[in-house]
Every structure is written in structure tokens, then in C-alpha cells.
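**Q** Given these sequences and hints, build the entire structure.
Chains A and B, in that order, are what the protein sequence lines are.
Numbered according to this note's numbering, the first sequence spans residues 4 to 334.
Numbered according to this note's numbering, the second sequence spans residues 4 to 199.
Note that these hints are calculated values from the structure, not bench results.
Glycine is no exception: its CB is placed at the ideal position from the N, C-alpha and C atoms.
None of the hints are false.
For lysine to aspartate or glutamate, the following EDC-like pairs were computed, each having C-alpha atoms within a straight-line distance of at most 20 Å:
1) Lys315/A x Glu16/B
2) Lys315/A x Asp208/A
3) Lys315/A x Asp18/B
A few chain A residues facing chain B, derived, Cβ under 10 Å:
4) Arg126
5) Val129
6) Thr130
7) Asp199
8) Gly232
9) Ala233
10) Thr292
11) Asp294
Read off the chains here:
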Amino acid sequence: MRVLVTGAGGALGTRVVQLLLAEASIEELVGLDADPPRRRLRRATFHRVDPRDMTRVAGIVAGFAPTAVVHLGAYEPGAEAAATTAAARTDAGTRAALESAALVGSLERLVVRSGLEVYGRARGAVTVPDESVAPDPTSPFGRSLLDVEHVAAAAGRRAGAAVACLRLAPVVGPHVPSPLGRWLRLPVVPISLLADPPFAVLHHDDAARALVAALLGGADAVVNVVGRGAVTPFQAARLGSRMPFPVAGPCLRPTSTGGPLWEIVRRAAEVAGSSMPDHLLELLSRGRTADGGRAREVLGVEPAHSTAEVIKALYDWAPVTPLRVRDETAA
Amino acid sequence: MNALGARLGGRFEIDEWGYDDGLATLVDPVLGLLLRVEAEGFDTLPAEGPVLLVANRRLGLAEPAVLARAVRRDAGRGLRFLGIPDVAPVGPALRRLGGAVERPEELAGLLRAGYVVAVFAARMWARGRVGAIPPELLAPASRLGVPAWPVALVGGELSGRWRVAAAAPAPAAAATVHERLEALLDRLAPARWLLG
Chain A
4 MRVLVTGAGG
14 ALGTRVVQLL
24 LAEASIEELV
34 GLDADPPRRR
44 LRRATFHRVD
54 PRDMTRVAGI
64 VAGFAPTAVV
74 HLGAYEPGAE
84 AAATTAAART
94 DAGTRAALES
104 AALVGSLERL
114 VVRSGLEVYG
124 RARGAVTVPD
134 ESVAPDPTSP
144 FGRSLLDVEH
154 VAAAAGRRAG
164 AAVACLRLAP
174 VVGPHVPSPL
184 GRWLRLPVVP
194 ISLLADPPFA
204 VLHHDDAARA
214 LVAALLGGAD
224 AVVNVVGRGA
234 VTPFQAARLG
244 SRMPFPVAGP
254 CLRPTSTGGP
264 LWEIVRRAAE
274 VAGSSMPDHL
284 LELLSRGRTA
294 DGGRAREVLG
304 VEPAHSTAEV
314 IKALYDWAPV
324 TPLRVRDETA
334 A
Chain B
4 MNALGARLGG
14 RFEIDEWGYD
24 DGLATLVDPV
34 LGLLLRVEAE
44 GFDTLPAEGP
54 VLLVANRRLG
64 LAEPAVLARA
74 VRRDAGRGLR
84 FLGIPDVAPV
94 GPALRRLGGA
104 VERPEELAGL
114 LRAGYVVAVF
124 AARMWARGRV
134 GAIPPELLAP
144 ASRLGVPAWP
154 VALVGGELSG
164 RWRVAAAAPA
174 PAAAATVHER
184 LEALLDRLAP
194 ARWLLG
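**A** Written as C-alpha cells, this is what we have:
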């Protein structure tokens with residue numbers, strides 16, 4: 004298999020590449036990302052390219068002619084890039100990589116990183132959706148992920164390839180720059196006064212194993228991948244011996260900024276080093292869980308870490324400080 | 004005090020629906036003080052696996068609590084019930100006690116997870132009448148092969164006295180369940196006048 008991994012420079016991408024390189028069936032692997040990978044990847048070729056440079060991305064993909072693509076180039080707003088940059092990278096990178104891969108003609112398998120954010124949390128929405136529930140995103144990140152799924156489905160149809168969309172719970176890990184992780188590790192954790200809803204997370208190692216299993220097994224389905232159980236924002240803060248700070252914001256619309264009090268909190272948190280993108284506010288005020296029962300059946304794997312275990316471990320991990328790249332231009 | 008300390012320290016468990024069994028267990032004796040529930044037929048509920056209860060309601064305020072009390076006391080299981088408002092702070096608070104929004108997909112998920120789930124017919128103010136039961140709401144139960152137990156509730160919010168009866172389970176077809184539920188409610192008619 005000749006595998007292209009987009010988003011290979013992130014913590015999740017690097018882990019996926021490491022796991023794939025251990026597989027004998029992988030003949031050649033090429034990684035793409037705006038940032039360099041987190042570990043030395045000996046058998047892989049890495050291209051540092053801004054996903055917004057569609058011509059260059061399309062050229063690399065066409066030159067490599069992959070038989071399989073693992074598309075992790077769905078950038079979470081507030082994680083490593085600001086919301087607008089993340090959305091632009093996701094949109095342009097997805098179109099360039101997947102449409103080129105479909106046109107090359109050799110594509111057989113496509114695995115896409117999506118997220119539970121695609122289900123949204125509109126008023127009266129299903130709180131624990133399974134894959135049969137129609138997506139109805141209510142945050143910019145959710146809409147961005149749904150768009151990725153649509154582009155992937157179209158590319159798969161054109162190439163006649165199997166397409167696996169993995170809707171991951173918020174991914175948290177020791178080296179993963181996650182807005183949720185940063186938020187919960189603030190010394191004082193702002194939470195909603197009116198609601199303390201459940202949410203689930205996924206350890207980044209479990210996410211990587213699920214993505215690799217989907218590729219190797221040639222999965223052709225949409226699958227939720229979610230850590231067992233759930234916690235609430237209050238519970239998470241207390242498990243980390245943090246002080247929860249209830250904010251009486253209305254959050255009447257899931258996509259709203261949450262009213263003036265939440266706006267003050269958002270700005271204060273930014274000063275403390277944590278952003279609050281809309282999908283994070285949605286999680287804090289409306290919750291985010293899903294039925295992950297299908298993962299074992301389709302992928303043959305299930306998350307080894309429960310949500311509570313990941314949240315407890317979150318407070319023991321060293322802080323993630325992205326290093327400034329000396330050369331800002333992607334070579 | 005230990006329980007309070009554990010809760011303030013975040014040392015409690017909730018599931019994906021937000022249900023907190025520890026909290027529901029703590030609330031149950033309080034319900035016992037507020038509601039006098041006379042129940043029949045709940046001791047035959049399976050000890051594990053999915054169970055669907057279809058009940059009538061008038062106001063719909065006390066009925067979930069009455070049913071939760073009967074199920075916990077006679078069958079030793081917690082109850083999930085559909086029909087909560089998805090508005091904070093009421094919705095999230097009721098989710099802690101077993102509430103979920105009234106959607107077929109939500110019912111399907113709860114049954115797949117093996118819980119006792121109550122769905123209610125549409126509110127019907129007239130005594131002894133059963134409101135409409137949307138067929139699409141019960142469709143997941145038919146698909147999963149989970150039978151429906153008709154459950155008749157008679158009582159009053161002000162008096163706090165309730166009589167609840169569960170009939171034997173049968174395939175979860177809305178029309179059949181409605182018919183059996185009306186017959187069961189008729190059987191409780193004397194209690195209706197006594198308790199109302």
C-alpha cells in the first residue's frame with residue numbers, strides 16, 4: 004500500500020505514521036503538513052507544505068499516486084491555529100488532497116478524521132447519537148468537519164474507493180494541543196452555572212489505533228470513536244483539583260458566543276493562554292457524547308482508555324508549548 | 004457527609020446520557036416521603052437487559068418520579084424516561100435523574116445499552132383516557148425486538164397518592180399498546196376515584 008497521510012505533523016498524525024510504519028503491508032508513506040512531525044519518521048517522506056497552497060499539495064499527491072489516504076488535515080480552531088486559519092487550512096487542504104487523489108486513479112482506501120461536532124447540539128437534538136443520526140452541526144468546527152466528510156464521500160465515489168469517516172470525540176493526549184485540555188487545566192475553570200452536561204473524550208493513542216485499523220481493514224463506513232463513559236465540566240475540574248467558576252451565561256443558542264459574561268471569560272482565558280472556540284463553549288454548556296458501540300464491530304478495536312481515565316491523566320501531563328518555527332515559510 | 008465530599012471532589016460517576024445513579028439512589032428515599040406509591044406487576048420486570056414501559060400521563064410532572072420509585076423499589080433498577088425539556092437548567096438536572104429527550108434515536112440508544120426506559124403517551128387531561136402514542140417513537144423497540152409493558156398510573160400531584168400497574172409485555176406496536184393501556188387504566192378505575 005502506498006499511503007498518503009495529511010496532517011502528519013500534528014501529534015495525532017505523527018502517532019498514526021509511527022503505527023503505519025510498523026506495518027509490513029505499507030510499502031511507501033508520504034506525509035504532508037504545515038508543521039514538521041513531532042518525531043523522527045525513518046521510513047516516511049515528509050513534505051512541509053501549507054495546506055492552503057492547493058497547487059503544491061495537488062502536485063505532491065499526483066506525483067506520489069497513493070493507493071490509500073489517511074486524511075487528518077482537519078484543523079481544530081484554537082488548537083494550533085486561530086479559527087479562520089484552521090478553517091481555511093482544512094477547507095483548502097481537504098479539497099486539494101482528496102480531489103487530486105481521486106483523479107490520480109490509484110486510490111482504493113480513504114480514511115478521514117471527522118468529529119462528534121458534526122452532530123451539533125441544537126435544541127432537542129439527540130444527546131447520544133449513533134451513526135444513523137443525521138449530522139446537524141451547530142459550530143464552525145462541526146460544519147468544517149461535515150464539509151470534509153462530503154468532499155471525502157465525493158472523492159471516494161469518483162475513485163471507487165472505500166471511505167471510512169471516523170467521528171472522533173474530542174482528542175486529548177499528552178502532546179496534543181487541545182482547547183478543551185487547556186481549558187480544563189486553567190487554575191480556575193469557567194463552567195456553565197445553568198448546566199453541567201456530560202462529555203466524552205478520546206485518548207490520542209486510541210484515536211490513532213482506530214484510524215490505522217480503519218485503513219488496514221479497508222473500512223467503508225461512518226463510525227463514532229468515543230472513550231467509554233463521560234464526565235461533566237465540574238467533575239473534570241474537581242478531578243484535577245481545580246476550582247470551577249460558574250458563569251451565568253445564557254448560551255441560548257449553541258453557536259452564540261454565550262452572552263457578555265462568557266465574552267469576559269473568553270477574553271480572560273485568552274490572557275491566561277487558553278482560547279474558547281465556539282465548539283468548546285458548546286461542549287461546556289450542552290455536552291458532547293455519542294454512541295461508540297459500532298467501532299468494535301466495524302474496526303475491530305475499541306478505546307482502551309475511558310473518559311474518566313483520560314481526564315485524570317490530563318492533569319499529570321506536562322504543559323504543551325508549541326515551539327516557534329524559525330523558518331515560517333513552508334519549504 | 005462522605006457522599007457530599009465525594010460529589011464536591013468530582014468522585015462520582017455519570018453515563019453518556021448524564022444519568023447519575025448515585026444521585027438517583029439518594030433522591031429515592033425523598034420521593035418515598037413525598038409519594039405514596041402502590042405498585043403491582045413490577046416485580047416481574049427482568050433483572051437485566053432492555054425494558055420498555057409505555058405509560059399514560061395527565062400533567063406529566065409527577066408520573067416519571069412515581070414510575071422511578073416503583074421500578075427501583077420493586078425491581079431494583081434505575082429508570083430512564085423520555086420527554087424532558089431540553090432547556091437549562093431543568094433539562095440537565097433531569098438528565099442526572101434519568102431523563103432524556105423524546106426522540107426515537109434516544110430510545111434506541113437507551114434500549115441498546117440495556118436500560119429500563121419509560122415513554123409516555125401524549126398528555127390527556129381527562130381521567131381514564133390515554134393520549135396518542137406516536138408509532139415512530141416505538142419503532143426502535145420493534146426493530147430491536149424489545150416488547151412494551153403497558154403501565155397505567157392513577158393518582159394526584161396534590162394528594163401524593165398513586166397507584167401503578169404494569170401489564171405483561173407484548174410487541175411494541177403503538178395501536179396495540181394503546182388499546183392494552185386503556186384496558187389497564189379501566190381496571191384501575193375504582194382507584195382513580197379514590198385517589199384522584
